[in-house]
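K.L.:
These protein sequence lines map, in sequence, to chains B and A.
The numbering used here applies: residue 1 is where the first sequence begins, and numbers increase by one.
The numbering used here applies: residue 1 is where the second sequence begins, and numbers increase by one.
Treat the hints loosely; a few may be bogus.
[To be verified] To give an idea of the interface, some chain B residues facing chain A are shown, with a C-beta separation under 8 angstroms as derived from the structure:
| hint | residue |
| --- | --- |
| 1 | 39 |
| 2 | 174 |
| 3 | 330 |
| 4 | 333 |
| 5 | 334 |
It should be emphasised that the hints constitute simulated quantities derived from the structure, not laboratory data.
Everything numeric in this text was worked out from a predicted model, so none of it was measured.
The beta carbon of each residue, even a glycine, is placed where N, CA and C say it ideally should be.
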Amino acid sequence: MVATQTTRDTVGESRAESLAQAFRWMLLARALDEKMANLYRGGRIHGGVFLGRGQEALSVSIGMALRPGDIFAPLIRDLAGRLAFGEPVLDAVRTHLGSVLGPMRGRDGNIHRGRPRAGLYVMISHLGAMISVVNGALLARRLQGRSGTVGATCIGDGGTSTGAFHEALNQAAVERLPLVLVIADNQYAYSTPTSRQYACASLLDRAKGYGVDGHGVDGTDLSACLATLNTAVRRAREGHGPQMVVASLLRLCGHGEHDDAFYVDPRLKESPLGRDCLAVAEQQVLAAGAASPAQIQQWRSQVQQEIEAAVAQVQQEPAPDPYAERWEAISTTRLLDQFAST
Amino acid sequence: MSITYLEAIRAAQAKALAEDPRVFIYGQDVGAFGGAFKATKNLQQEFPGRVLDAPISEDAILGAAVGAAIEGMRPIVEIQFADFSTVAFNQIVNQAATLFWRTGVPCPIVVRLPSGGTLGSGPFHSQSMEALYAHYPGLIVMTPATVEDAYSMLLEAVAIDDPVIFCEHKFLYYHLKAEALPETALPAGRARITRPGRDLSLVTYSAMVHEALAAAEELAAEGAELEIVDLRSVKPLDTDTIMASVARTGRLLAVGEAWPWGGVTAEIVARVAAEGFNLLDAPPQRLNAKDTPIPFHPNLWAAHRPTARSIAEAARKLLRL
Ligand SMILES: Cc1ncc(C[n+]2csc(CCOP(=O)(O)OP(=O)(O)O)c2C)c(N)n1
């Protein structure tokens with residue numbers, strides 16, 4: 001009796017704690033996104049800015065369900081997940097502002113940043129292409145006798161139509177890899193509505209078709225996202241093969257900051273899909289007693305300060321120098337084609 | 001002992017698997033079946049768990065190879081026919097080829113492409129893709145023409161930390177034989193003078209080396225000495241050896257089995273024209289396959305790609321210029 005009581009309390013506490021933790025990452029991600037969008041409007045950003053607005057609850061849940069040593073190949077709207085997985089704020093700011101000290105040294109930017117050696121894979125633009133790369137990493141670990149790691153990656157509803165998506169999902173299923181494939185079904189692929197993207201009733205049908213576990217979740221509900229991603233990651237880790245998570249939500253912004261999203265159906269914005277996951281999360285944090293309104297206010301100003309400090313620092317940092325650049329595309333320098341580099 | 005080009009490729013893979021636990025082979029039917037051309041015959045039995053059958057998913061195969069390379073493995077991928085690598089084109093040129101430059105993390109993969117034409121193979125089983133891949137920074141493109149090179153260059157490809165597109169020629173698989181496998185080798189990136197001559201530099205690679213040799217025999221009987229340069233790898237391209245040869249002969253004929261437009265032979269001619277214009281006694285020439293898809297019927301195929309006969313004819317013409 002007592003034991004059961006204790007267990008329930010611990011669970012309650014840890015649930016409240018992870019809600020609070022997740023919410024703090026979400027606040028940081030939302031504020032950092034907004035800051036980059038402001039700088040974009042001020043003409044200070046190299047390249048585009050793509051927000052995760054409305055997808056933070058889903059994204060943060062991936063980052064939090066993973067452990068150090070796991071692999072995460074995020075997509076453009078995954079700032080919250082990146083931060084929760086351990087990406088420094090500076091990495092994001094540096095790639096957006098073009099600092100040579102960023103992880104990509106000015107050679108690639110913004111959403112394409114990462115640190116493969118730290119398990120944070122760098123996306124290429126071609127949608128669907130990262131899934132098989134994560135598969136390969138998981139295959140490698142199996143061959144190396146290192147079990148117990150999970151690889152997670154994300155895709156949008158539009159990305160699920162690519163050949164790469166289908167090849168890779170089938171590959172993961174055949175090899176029974178510990179892959180967690182997260183689909184943010186955010187109703188639009190750029191401007192294309194889901195009705196022009198797929199004809200099955202739900203993208204969850206895809207899971208069945210490939211012989212993998214499927215998990216549907218309300219992507220606006222932080223609590224539900226945390227629980228679902230924890231289950232999916234745990235099942236992958238325990239050897240149940242690939243897990244597909246399909247989250248329903250609405251992108252609360254344009255494709256990028258250059259896009260005013262005029263095409264979004266206003267009825268969708270009014271529907272439950274259009275809820276802002278940040279507001280839902282705040283209610284859940286308060287309801288669970290995980291934080292007081294005053295504490296939340298304090299977190300808000302803390303993340304703002306952290307971001308301002310990072311931007312101020314990066315604005316002092318040098319840009320890449322074309323004369324100091326090593327224009328070498330391969331590591332085997334003796335095989336560089338001298339003629340080609342002149 | 002007599003060993004074929006195909007056996008050399010198998011032997012190199014066996015040696016790589018035996019010597020380096022990071023090496024594994026991934027591709028369609030490479031397992032118990034031993035590969036469509038038997039290039040991996042018995043390797044799965046010899047190295048259990050390290051020769052893996054893949055679903056028919058060239059894009060996913062190459063993507064997985066990149067992920068495995070990031071995690072410290074050295075995958076050898078067999079694409080059943082070079083032609084099907086177009087399905088994996090994105091992963092090769094955008095993922096594998098850019099990884100090192102973008103992230104500083106090298107991408108040690110080998111992509112084996114059974115390339116070029118054989119009798120009756122037609123438009124989808126005969127293509128030579130080397131120019132396409134050589135166009136992209138970040139890739140090394142090897143085109144071995146001999147049994148010895150097939151062996152030593154494949155071993156070198158596995159040892160190199162960068163993605164290597166290994167264009168092995170299907171026509172040579174069974175046609176070529178060597179007495180023994182080499183102990184030492186000329187490194188990739190260095191061309192070889194296969195036959196010295198004073199009258200014309202014939203620069204070529206892969207199966208065309210053998211057509212060129214036959215053409216050179218024909219012309220020798222007529223009193224003209226062709227110098228044959230076997231490039232061995234088309235990227236990097238050994239411009240020094242080409243230029244030195246042209247300096248000796250004053251004439252350049254670049255020959256390739258691939259299509260002409262913007263290809264390897266175009267690159268050779270461009271370099272010689274730009275850097276060695278004053279070495280030339282005649283306009284540099286090139287000979288390629290015809291600019292059409294590759295025909296199926298042997299009669300048509302024989303006339304589609306350069307042959308000893310058409311090479312000899314092109315050389316005669318150039319010698320008269
Ligand atoms: C293979 C490929 N084709 C086209 C594009 C151009 N593109 C970039 S984002 C995008 C829409 C993606 O939609 P979705 O996958 O639903 O993700 P969302 O942007 O909605 O998060 C398109 C078409 C691309 N990146 N990759």
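K.L.:
The structure should be examined with respect to each hint, and the outcome stated for every one.
P.N.:
Verification of the hints:
| no. | hint | result |
| --- | --- | --- |
| 1 | 39 | violated, 23 angstroms |
| 2 | 174 | holds, 6 angstroms |
| 3 | 330 | holds, 4 angstroms |
| 4 | 333 | violated, 10 angstroms |
| 5 | 334 | holds, 7 angstroms |
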